[in-house]
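Asker: Residue numbers (the numbering used here), protein chains in the order written: chain D, 1 to 261; chain G, 1 to 75.
Hints were generated in silico from the structure; no laboratory data involved. In this text, a Cβ means the ideal position worked out from N, Cα and C, and glycines have one as well. Take the hints with a grain of salt, since some may be wrong.
[As the list claims (entries may be wrong)] To spell it out: a stretch of chain G is covered by chain D in this simulated footprint if at least three of its residues, at any positions, have a beta carbon under 8 Å from a beta carbon of chain D; those stretches are:
no.	region
1	4-18
2	25-39
[Unchecked claim] Here are some, though not all, of the chain G residues that point toward chain D, as calculated from beta-carbon distances under 7 Å:
no.	residue
3	47
4	49
5	51
6	54
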Amino acid sequence: MVAGSDAMVARTTPDTRAEWPARGAPWTVLAAFARRKPLGAVGGLIVLALVLTALLAPLISPYDPRQIIREADNRVPVYVAPGAAYPMGTDHVGRDIVSRIIYGARISLYVGLGAVLIGVTGWFFVGMVSAYAGRTVDLVVQRVVDAMMAVPGLIIVLAIMAVLGSSLNNVIIAIVIGMTAPVVRTVRSQVLSVKEMEYVVAARAIGARSARVVLRHIMPNCLAIYLILATYYLGFAIILEASLSFLGVGVPPDVPSWVEC
Amino acid sequence: MTVAGYQFARLLGGVIIVESIFVVPGMGTLLIESIIHRDFIVLQAIVVLIAAVILILNLLIDLSYGVFDPRVRYQ
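Next up, chain D with everything else stripped away, as it sits in the complex:
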């Protein structure tokens, strides 16, 4: 009666389980990933090289990036051509350029990661609360965001840098304020569509408090948009920091940056 019933039921749906290798040593998992997605592996190697350069900067760089080099008999090498002593030459005050590039990776990653972690996370919560609270809160927040969308991002960042002054943390604050409007708008649109799903309606119907509904149901479904925003605005923040340094209003002149004016 029961023993043969499994054999008599035909498999009607195809086997859609993903074919990943069994969890083994990390090396085999990485090799399988590299074989499956070679472009992703190359991108990962580039990012890994960048992060290692930033972490091991004191070990790799030949000189201190802020030190004006003094050679024998008190000469300062200004604008020396690339050669044996200085692999990429020196800049206009006599600092080694290779060291500044290696330490510049630290600054760029610091600004990028800081701006993304503070900015995208903060504005993610603001957008989520604004979209879920509705009516008055949403109205006020969206009018403020509309006002900020009327001014291009670079100009907002420049104006904030003019007010705050030239410092590394001020660059992060300025970039965080500059990325307000797109992040809040995007998150708000996603939360508005998630808010009407059946499970959210059901949770509210059985009396769950608003905080629980937001944290337990809405936020996990918006994590995809958070990851997309975080990866996009990481590159955006690094490029924005380079633009600010190029215009001369970014990090202070002695801080090693990838762009120096």
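Since the structure of chain D is provided, determine the placement of chain G on it from the hints.
Answerer: Only chain G this time, still in chain D's reference frame:
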């Protein structure tokens, strides 16, 4: 069309860097000079001017939907 309006806003933001590269004496250069010299009044004026231009342009784009799309007509 909406994308064109958004792209115009980004172009206005990028004109600062372009003017800095080609040394064109325009409003972008004036913006950078006012930031370096901490001239906040000129900075406010330029920001308000750029925001006004973008707002007027977006208004024109919204009005132009009535011209280009016959299904949308304003009374």
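Asker: Holds or violated: residue 47/G as interface residue toward chain D, Cβ cutoff 7 Å?
Answerer: holds (6 Å)
Asker: Hint check: is the beta carbon of residue 51/G less than 7 Å from a beta carbon of chain D?
Answerer: holds (4 Å)
Asker: Quick check on the hint: residue 49/G CB to chain D CB, less than 7 Å?
Answerer: violated (10 Å)
Asker: At a threshold of 7 Å, is the proposed contact between residue 54/G and chain D supported by beta-carbon distances?
Answerer: At about 5 Å, which falls below the 7 Å cut-off, the nearest Cβ of chain D leaves the hint on residue 54/G intact, so it holds.
Asker: Count residues of the region 25-39 of chain G with a Cβ under 8 Å from any Cβ of chain D, then say if the count reaches three.
Answerer: With 6 residues closer than 8 Å to chain D, the region 25-39 of chain G meets the three-residue bar; holds.
Asker: Please verify the coverage claim for the region 4-18 of chain G: does it have three or more residues whose C-beta sits within 8 Å of some C-beta in chain D?
Answerer: The restraint on the region 4-18 of chain G holds, since 7 of its residues have a Cβ under 8 Å from chain D and three suffice.
Taken one by one, the earlier hints fail for this structure only at number 4.
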